[in-house]
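> Work from the hints to combine the two standalone chains into their complex.
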Amino acid sequence: MTMQNEAPTKKVTVNQSVRREIHTSAPQTGAAPATTDRSDAPTFEKTETHVEVDRETDHILTVEDFSLFYTKIKALHGVNMRIPKGKVTALVGPSGCGKSTLLRSMNRLNDLIDGVRVEGTIKFMGQDIFAPGLDVIALRKRMGMVFQKPNPFPMSIFDNVVYGLRIGGEKRKNVLQEICERSIKGAALWEQVKDRLHSSGLGLSGGQQQRLCIARAIAADPEVLLMDEPCSALDPIATSKVEDLIHTLKGKYTIVIVTHNMQQAARVSDYTGFMYLGRLIEYGPTASIFENPHLKQTEDFITGRFG
Amino acid sequence: MEMELTPHQKYTKIKSGVMFTLCCAFTAVILAVLGLVIGYLFWIGASGLSLSFFTEGPIPIGTPGAPGGMKNGIVGTIVLIALASTAGIPIGMLAGVFLSEYSTRSRLAGPVRFVSDVLAGVPSIVVGILGYELLVVPLGNYNGWAGAVALAFIMIPIVARTTEEMLRLVPNSYREASIALGATKARTILRVVVPSATGSLVTGVMLAIARVAGETAPLLFTALGSRLLTLDPNQPFPSLTVQIFQYATGPYKEQKDMAWTGILVLIFLIFILNLAIRYVSRSKQTGG
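Those protein sequences? They're chains A and B, same order as listed. Final position of the first sequence in this note's numbering is 307; the numbers increase by one with none missing. Final position of the second sequence in this note's numbering is 288; the numbers increase by one with none missing.
Chain B with its partners taken away, still in its complex shape (with noise of 0.2 Å):
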């Protein structure tokens, strides 16, 4: 049946459709720009991709097998990000419980959430400089803990604003119920508030580990980059960032190559790290 529209309506049901064309047309474009920039990854960097990609280290431009693989940077990578994680998601989960379920009756509350905030808008080059005067020059030398404390720095305001954010999300009634039947706050906290909230803390974790792992400039002052594979925390230390930086910004058009190879595997590094910690995260809740 045809249903005649008053002018009124034809104008709303015009102004519906501009608005969900505009929607889907801004939505394409950021789907556009994303496409591009992994797009034009591949098709630089792919080209480098091969097994001794990950399984040699840096060889010198002139010597055979050169320019090598970047072995040591990705896992020196892996190992700062897994040093750097110890501390910073306990320390930043910790501040996030105390902001959103302890912090009413505190007079702290207030000045913990400003400094977060202020430390998760600080330059990432001014966390790496605090690093380098806080273990670089007492230790005396370029060293991994400097740049593994630097990253969680960096980590400890993210995991912290997102924890109290999400956990703000737990409808109160868990809680009153949890109290009502006899518990503890902290217990209410550990077995209601905490886990109704996992997916999306680890969402967090996930924001904040994919952030630092991108970083280079807090590395430069204090892990500083090491063209050879070590696991001893108080050498200088490799990593993927620092040694695509040093690569990109070298003379060598085999490094420059390599560079782009790197920023491709650093994507995937962090895609990956990510679906496995959504895929662990899924399954523990299942029982719930």
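Looking at chain A on its own, in the form it has when it is part of the complex (with noise of 0.2 Å):
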């Protein structure tokens, strides 16, 4: 696909180690070891609600029997999960559960920690994110990233803003600046802002800073929108401005948000999927889960009984 063609693959040098992992491991251990692991969980299979994601026709995201393992700590078991396009994919669960994992796994940023292999495959768009010879470079600038505290550069508005567009080799000034205006507006923080661009992103106020981040992960023009926890760090106000924020970006880009606050997910998301100790153990459309889990497991947990 166009992902390996787009950049030279030497530029392929973050953790080869973990790739290595995949491509001895994944044959050798095969579907015996993996299908007694889950099974005590529902699978794939069982899981009814399951089936309504799956006939959604386009899956940007497909994870195939993922595992992930912290050196020998398996933190995620076998999970099976399609992430259709254009919508907003919200996974839930207590904490630990694994869902920032997964999360991260899916534009590969668990590569810069020690220690961490991989089993099964996450597609993106069709392709093996996993491959050997993938571009990781070019599949990060495809996928923006939202992060639990809001973590601008200390740097300028505007450096903030075109960080992406600047590794990528635009110069232009007049492109970045007309980026730049597009993405703030698109984070709708321009009437805040658009007087200071050229003062520190770290001067803005929490709310502030997490759409700076927002409209940062944007103007690199990415498909997929990876949100971990976006809100947890800020207030009412703020939130509520960042749910706005996506129900605005949805369509356009594919969001999957992690999040611990069942509410939001309720309001912000089309699909929800319930992790539980490093499992999907419900998934289907967000109405369905929270008015009609199919598991004990994911109902307790909804209704607050646990997590």
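Quick caveat, the hints were computed from the structure, so don't treat them as lab data. Remember, predicted model here, so these are calculated numbers, not experimental data. Only true hints are included.
Once the Cα atoms are required to be at most 25 Å apart in a straight line, the calculated SDA-like pairs of lysine to any residue come out as:
id	chain 1	residue 1	chain 2	residue 2
1	B	185	A	168
2	B	185	A	132
3	B	256	B	230
4	A	185	B	174
5	B	185	A	138
6	B	185	A	131
7	A	173	B	186
8	A	171	B	194
9	B	185	A	114
10	A	123	B	185
11	B	15	B	27
12	B	253	B	75
13	B	185	A	134
14	B	185	A	133
15	A	123	B	184
16	A	149	B	186
Listed below are several chain A residues computed to face chain B (Cβ distance under 10 Å; list not exhaustive):
id	residue
17	104
18	112
19	137
20	142
21	147
22	151
23	153
24	154
25	166
26	217
27	220
Where chain A lies over chain B, by a calculated footprint (3+ residues, C-beta under 8 Å):
id	segment
28	166-178
29	184-196
Note that the Cβ used here is the ideal one computed from N, Cα and C, for glycine as well.
Here it is as structure tokens:
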């Protein structure tokens, strides 16, 4: 696919060890140990709601039998999941259930962590993102990410937004300015910052910083936005602004959002996946997960009985 | 409104007061020692300050104009620091970047860190002997290069370890954000990690410069010191510290007095350098 052609493959330097692991270990383990391991959890096929997501014709991301290990600890257990294009998919579950790990696997950000090993695969538009020779830099440019704590770089607002473009080699000032303005407007921040684009991004409030980070992520024109609890450090007003933003951004972007906040998942997402202890327990249209969960575990969690 | 305190509350209040007083007292002690040193230097050294101190080289005792000034030493020290920094700062910084950013997957990290710590703890006179063996013996005479190299050896571990420490303080979220935007690791380091630590990196460099500016022992075996003003590092090279050492241990009262003034000037040299670098790095940072 195009991803491999966009840039020379020698750029792929980030963590070759992870990739090597996958391709040596995946065929060896095969299906047998994986199935025994997941026997106690509802699987892809068993989850009725899962099928409703599968009826969506256009899936941008496909997680297939995906397991992830932090050295010895198995953090994800054979997750199967299809993310529909242009929709908002929420991942919910108690702390430590693997939501963020799954999210960070989608742009291979877990490559940065030592001792991470994966089995199974994730496909982005049909292509295995763990394939050898895949340009992980190009992959990440097509997936914007927003983090739990707003993390603008200690540079000006303008420099923050155009960071992704600059590392892509864009130098033309008018192009940078145009995209900067468009992205900040896209993140509903233009009115507040238009007069101080060249002052530090750290001078903004927390909510504004987070929207600046969203502007930075969409400036590179990604196809997917990965949001890792984007509102957990924000007050209610800033949170509702970011949620409004998610509504306006969906359609143009596929959004995958990890959240601790059940109401938020119900408000912003089209599909919700409930994860528990590294497994995807139930996954389906948000309305059906919240109003008519198929599994007791899901119901207990969303009604606040545990987690 | 008066509040009745329970005995325990009274006790904690007293304890907190005692702690506060102790902290203040010891801060005062440290400031007093600093004040004493600088005050004493002024007391003895300031009287020797004159224009000729900065504009004249040493004049032998007994001839008109004696004892002259320390211009040669001041220039020599500045040149030696500049030479040592050109080698020591980049090497030290790159080693620090390696330790902080690249070393997690490398077996080299442990040894590099260990050697760097050992090197930082080596007495400076040993570094002087190393410089002597490496550059004085092969070249056949004492020379400025050997002095600069010896000073660089002292700078490298200091710069490397402070760089490592300072880069480790940069929040990981910056690195993640940059990587997630499709930046390579090198770009992330150059555009985000190092710039956001500039202020503290400068401090580390300053520490290293201040440290070598006051070194005498490694220069005795290498640059040797010289009475002549020279910019040619192939020759024996003057430096403020060696000149102070020679004057202070010499027989003449005029020279001993001048050594005191030299120390005062040395301290101010470091002080001014410090302020200048801080100013430059701060004005550079205001963009971000």
